[in-house]
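S.K.: One-letter residues, chain by chain:
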Amino acid sequence: MKKYSILNSRVPRVDAVDKVTGKALYTDDIKMPGILIGAILHSPLAHARILNIDTSLAERLPGVKAVVTHREAGTTPYGVSPARYDETIFCHDKVRYVGDEIAAVAAIDLDTALEAVSLIKVDFEELPVVLDGRRAMEEGRPLLHDIYKNNICAEVHWHFGDIEQGKKESYIVRTDHLTSKMQDAAFLEPQSVIAEVDSHGNLTMWSSTQAPHYIQRTLAMALNIPLHKVRVIKPAVGGGFGPKASCSTAELATCLLAIKTGKPVKLTFDREQVFLHSRARHQFFHTMTTGVKKDGTLAFLDHQCILDGGAYASFGIATIYYAGSLLGGPYRLKNMKYDGYRVVTNKPACGAQRGHGAVIARALFEVQLDRIAEELGTDPIELRLKNVMEAGETTCNELFVSSFGMREALEAVRDSAAWKKKRSLSGKTRGQGRGIGAACGFFVSGAGYPIYRSRTYHCTVVTKVDDVGGGVTVSSGAADIGQGSDTVLAMITAEELGLPLDDVKVISGDSNLSVDLGAYSSRTTLMTGAACRDAARDVKRQILEAIAGVLCVPPETLDLKDGKVESLSGELDFSKIREEYLREHKGFIDLPNELCLTFREASRIAFLERGSIVGVGMYRPPPLGGSFKGATVGTSPAFGCSAQVAEVSVDLGTGEITVENITGAHDCGFAINRTQVEGQMQGSMMMGMGEALMEQIIYDKKGRIVNANLAEYKIPTAMDMPHLEAIIVESNEPHGPYGAKEVGEGAIMPVIPSILNAVYDATGVRIEELPLTPERLVAAMEEAKKKPSLQENP
Amino acid sequence: MILPRFDVLVPESLEEALEMLGEHADKGVRILAGGTDLLVDLRRPIIPVHVPRCDGCAKHPGGMVYSTIDCELWLSEPTAHAGGSLRNALQDSRRISPQYLISLHLLRELKGIKRLDNGSLYIGATTTIREIAHSEKVRRCWTALAEGADNLGSPLVRNRGTLGGNIANARPAADMFVPTIGLNGILKLQSLGGERLLPARDFASGPGLTVIEPLEILTAVIYPAPLSYSGSSYYKLANRKALEISTVGVSVSLTLEAPDGPITDVRVALGAVGPTPILAESAKGILLGETPDEPLFKKAAQAIRKDARPIDDHRGSAWYRSNMVQLLSERLLKIAYIRAKRNK
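Line by line, the protein sequences give chains A and B.
Quick note, our numbering runs 2 ahead of the 1-based positions in the first sequence.
Quick note, our numbering runs 29 ahead of the 1-based positions in the second sequence.
Derived from the structure by calculation, the hints contain no laboratory data.
On a predicted model such as this, the values are computed, not experimentally measured, just so you know.
Every residue, glycine too, gets a C-beta built ideally from N, C-alpha and C.
Watch out, some of these pointers could steer you wrong.
In silico SDA-like cross-links for lysine to any residue, where the CA-CA straight-line distance does not exceed 20 Å [unchecked claim]:
id: 1; chain 1: A; residue 1: LYS787; chain 2: B; residue 2: SER351
id: 2; chain 1: B; residue 1: LYS166; chain 2: B; residue 2: SER132
id: 3; chain 1: A; residue 1: LYS336; chain 2: A; residue 2: ARG409
id: 4; chain 1: B; residue 1: LYS363; chain 2: A; residue 2: LEU654
id: 5; chain 1: A; residue 1: LYS96; chain 2: A; residue 2: LEU145
id: 6; chain 1: A; residue 1: LYS703; chain 2: B; residue 2: LYS327
id: 7; chain 1: A; residue 1: LYS183; chain 2: B; residue 2: ASN188
id: 8; chain 1: B; residue 1: LYS270; chain 2: A; residue 2: ILE717
id: 9; chain 1: A; residue 1: LYS183; chain 2: B; residue 2: GLU323
id: 10; chain 1: B; residue 1: LYS270; chain 2: A; residue 2: GLU714
id: 11; chain 1: B; residue 1: LYS327; chain 2: A; residue 2: ARG409
Okay, the calculated bits of chain B under chain A, using three or more residues with CB under 8 Å as the criterion [to be verified]:
id: 12; segment: 199-207
id: 13; segment: 227-239
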């Protein structure tokens, strides 16, 4: 591997000190003179017709500056996928879930705003509710939207290869099911928005968002403002994980209130509103039939899925495709059929969440492989190794994997977790309370196409050398939401220009700076990283050309390294440059006295020669994927893959599960920052563990969330976390900068199934419903005791 | 929801606190100890709700229910009349916030753990959970209480939360309340007129509801000195390992005449399986006077299971809770027995 001075190291993140000292400004920290506070009226009912909205009392309350409903907001439909614009800023005809937004208020303080909200009178005609996703499609069920016949928001029917042929070749065929629950992403920072309009009619919105560019577009469209008059700024963000990738009513309503009042308006969700707004993981009902040949070669997969997506489409169109397409890898699978139905129900809308659409599908498929291995009498890791794809192969649904460290990752976790030894023991001790399980994963490294149909660049980066010389500023629309993309951009620029990290300033997350599609689909390192590298190289070329001109040497004999200009062809006579620089800085104390030409001098002289030095980089993937319907979802310039071994102990009486160890390996192509890669892997392990064992949104019979807070919606605490081992695999991705590809989402893929497989090993029972609570486990163990024959193979 | 507006009164003596309580009783006043429950509850939309007394029903003497969670529990109570009256009360309810909180944090006499001359343990009501968890005295002789403290909330909650607060909140799952009943704790209730002592098991009358008089303050809990060959144990069953409300909590205290028995005293307290923590009466009948062994504990656990009155809620089903009461009772009887044998 090439030697780098800063890449592949463990430098601390550029925002670390500001965040740990409390200096970093999150949206809610921002103060402005005369700022008003906004509040939203949410529907108390899951499904009802709106007969009348009376805001007169609220408007008359002293301190209230504006009350807005659909009458002020209009009813321009918007959403995430242009093919399914099914939301309006406020409800006008119906409310479709408890929490649906009806009106918003701006007032002098929060107390007044909340009181005003409570004074808005809405007359409803209650309608029957649809809460069970499995039954939403049945004839005669109440309909949520006129446009969705039988409450089906989208359906997908794919058939790659020939599953009938696959069936003929199969030695073992088995069908299994897995059901999950709607999730909350449980990011630390609730959504927060500030909006302001200046005297020229320019709207600026600060928001805790993952995708300034998409939000800018939605604001312009739904509020009917020219795109160039809308600016979205992302301050420090405390996590997103997907739900903050789409435009929310909070954002739209706050902008509308700012327009109406002419004042800055701030609106911050409380935790309950985070749950009500949701846009997090769907509920999945998967059924899979998988066949393998006698030698363990995968023969076919027949997959059905119902996705309960709540009241609106949101990201759901992408979700339904991802749920099917990402089973194309990481194993060689020639024949695959997928029938997916994304239904709407009277619950908060679901959207994207880490591992978009693919997490539960992956969980069931990896459980199936485990069960098949057991039936074949094969080691589950060996079965997987037999089927893994290699770099250069294409899946049956036309996804091309240009780099692929799947085998290496699987072998790494096998060896590091001492799998062979432990598994051989567990074979004899199955069901005695200790277990070990393995699984793999596969994920995109950046969506191949934008959400809206366009040949837009996915990102551009502009790097400008300080006119005074010495450092550079990188400008990008990329959204650092805590994952560390600013650090990645700074490291890449520092590497290319031979600068210390402290001399690279990164400004980002502002739609005025550049187009960048945002922090979703694990795209930023590969895409914005590539653009950033090119911008830096552009800058470097210009500086070196200018210096070469002054020194009368060919530019290709010069290089930038360790803060200075290096000559590849003998000593440089740079006395004229030094002289000029010293003359310019008479009276300065800290002046260059090195025996070499410093970057400080070189960059200043380049400016004197050529004016501002600006480098531009951009990235747009090549055309990707097949030509079938929906072929674009799942495409990516590169694919990450991962493997994991989980070890658990189970109290066979109470069903309490303790995860004792997780060993994960992820192929990220090349680790720009090793600590950050491990951090993403560890975060994924924790998030996946929560989904496997505790997380679930619980609704009552009227569609109200029973546990809309972080006391009752359980995510793992520090006390629940086991020892985590994160192994980095580097396969050198040809399409990524320096060989880098994703780690942000792919690392979550094997977490749930490795735990499910380990719990099976510990207990001898399989659970078909997540989360795997102690109670569900006890129930399954009791059931197994009653009917021991069911646990054996037919 | 945001915290409603209120004034915090900070008395410097218990007497002053009691006077303040009397002075503001009609304006809505709550006692503030650690605040780990109260300040969360105050943000909830419907607090408090007055539950009228049910005539002819000793179990539901009426009083104030302070949180929505408790309301839900009341509504799910099988005794329809109590639920019915609450339903009516809820319909009339609106957001009523206390005007005053009386903070006990300056009252030194309410803090601390000490051993009384007769060997019993005296813990001031505002002693923090952390102090109890770190007390060697408590762990040695009143182990169940220390185990309750170990498992309550998180380090941050244990630093602020108090023994008195945990008991006075009267949650059916309270991690200090359940072992306090198991260890036969006696509550000291102070009013301007004097003090009264009340066994902890008689304190709660419903979820979030107690028999404390409006002008009384819980000042201390007294745990009787354990006799020779006594042992106790508490187990909190929950879905995660911290920041949890128990699905089931079981506390067992056991006294033997000699290391091999017979059993001279036993108390099994159950949490989160009824509207209040429950003292499982049937344990005594089966265990007293008997020589401890596994079949006996099994039989006792089967009986204890029937003392539980669990409901289905989002933390667990009645079925699971009943099973766990039995399973944990059997396990904890064994643990308490092993501990009792060692404690001369």
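S.K.: Among the hints numbered above, which are violated by the structure, and what are their numbers in rising order?
M.R.: Violated hints: 2, 6, 7, 9, 11, 12, 13; rest satisfied.
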